[in-house]
Amino acid sequence: DAGVTQSPTHLIKTRGQQVTLRCSPKSGHDTVSWYQQALGQGPQFIFQYYEEEERQRGNFPDRFSGHQFPNYSSELNVNALLLGDSALYLCASSISGANVLTFGAGSRLTVL
Amino acid sequence: RKEVEQDPGPFNVPEGATVAFNCTYSNSASQSFFWYRQDCRKEPKLLMSVYSSGNEDGRFTAQLNRASQYISLLIRDSKLSDSATYLCAARSNDYKLSFGAGTTVTVRA
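Line by line, the protein sequences give chains S and P.
When we follow my numbering, the leftmost residue of the first sequence carries the number 1, and every step to the right adds one.
When we follow my numbering, the leftmost residue of the second sequence carries the number 1, and every step to the right adds one.
In case anyone wonders, no lab produced these hints; they're calculated from the structure.
Careful: at least some of the hints might be erroneous.
Unchecked claim - In silico negatives: residues of chain P with every beta carbon more than 10 Å from chain S: (1) Gln6; (2) Pro14; (3) Glu15; (4) Pro44; (5) Gly54; (6) Glu56; (7) Phe60; (8) Ser72; (9) Leu97; (10) Ser98; (11) Arg108.
Stated by the list, open to error - Listed next, the in silico DMTMM-like pairs over lysine to aspartate or glutamate satisfying Cα-Cα at most 20 Å (straight line): (12) P:Lys96 / S:Glu75; (13) S:Lys26 / S:Glu53; (14) P:Lys96 / S:Glu54.
Built from N, CA and C at the ideal position, the CB exists for glycine as well.
Could you build all of it, start to finish, from the sequences and the hints given here?
In structure tokens:
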């Protein structure tokens, strides 16, 4: 049973560029949450998707956007990259209404 | 004020020792609490949920104190493999899980 898979695992971008990160949830999960984890910090909630809709959003600017597809997979898009966007981006899936999150291995973004 | 705060440590303990640390949360409406373990440059993995009555899973014991708004984790008989960062998390509504910055534990031989 595949867990949460994310791609790419590592990527390097320059300031002002755009990036798309992808996530496939664990089999049987219908909800996807995205988190940003800067070095030395805990994961910070970006947003959550359920039934292809953004259900809640954390304190992140509109440069961060997302999408969920009918097969429950999800994308995170970040526009106009800043140096401060360098972080590990974690996707977590769950069953709607359940407490437990399962995390993917993350996509490590470096912005130069 | 951060929603979840933790002592960053590091806690440096010998094998076989007991180590304990706390996490405080600011939202009194928080309903569910968790401890996650994160190894260096890896994803967080659920260690245990924290129940109101306290719960134990092998060498790990978690406690919840709603009156003082903190949760604790105690590790008995520490192993080298327990070296990791321990993340505390609180859920305040159905959707968002808030994490602390983590407590680093290093177990030495």
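Right, here's what the structure says about each hint:
1. Non-interface call for Gln6 (chain P) relative to chain S: violated, since the shortest CB-CB distance, roughly 8 Å, does not exceed 10 Å.
2. Every beta carbon of chain S lies more than 10 Å from that of Pro14 (chain P), the smallest distance being close to 25 Å; the non-interface claim holds.
3. The beta carbon of Glu15 (chain P) is kept farther than 10 Å from every beta carbon of chain S, the shortest such distance being approximately 26 Å.
4. In this structure Pro44 (chain P) is not separated from chain S by more than 10 Å, as the shortest Cβ-Cβ distance comes to only about 5 Å.
5. Gly54 (chain P), annotated as away from the interface, keeps every beta carbon of chain S farther than 10 Å; the closest lies near 17 Å.
6. At roughly 18 Å from the closest C-beta of chain S, the C-beta of Glu56 (chain P) stays outside 10 Å, upholding its exclusion from the interface.
7. For Phe60 (chain P), the non-interface assignment is confirmed: its Cβ lies about 16 Å from the closest Cβ of chain S, beyond the 10 Å cut-off.
8. Non-interface status of Ser72 (chain P) relative to chain S is upheld: no Cβ of that chain comes within 10 Å, the nearest being about 17 Å off.
9. Listed as outside the interface, Leu97 (chain P) is inconsistent with that label: its C-beta sits roughly 6 Å from the nearest C-beta of chain S, within the 10 Å cut-off.
10. With a least beta-carbon separation of about 7 Å from chain S, Ser98 (chain P) fails to lie farther than 10 Å from that chain, contradicting its non-interface assignment.
11. With a least CB separation of 22 Å from chain S, Arg108 (chain P) remains clear of the 10 Å interface cut-off, as annotated.
12. Restraint check: the Cα-Cα separation between Lys96 (chain P) and Glu75 (chain S) comes to about 18 Å, which is no more than 20 Å; the hinted pair holds.
13. The hinted pair formed by Lys26 (chain S) and Glu53 (chain S) meets the criterion: a straight-line CA distance of about 18 Å does not exceed 20 Å.
14. Among the hinted pairs, Lys96 (chain P) with Glu54 (chain S) is consistent with the structure: their alpha-carbon atoms are about 12 Å apart, no more than 20 Å.
Against the hints set out earlier in the document, violations occur for numbers 1, 4, 9 and 10.
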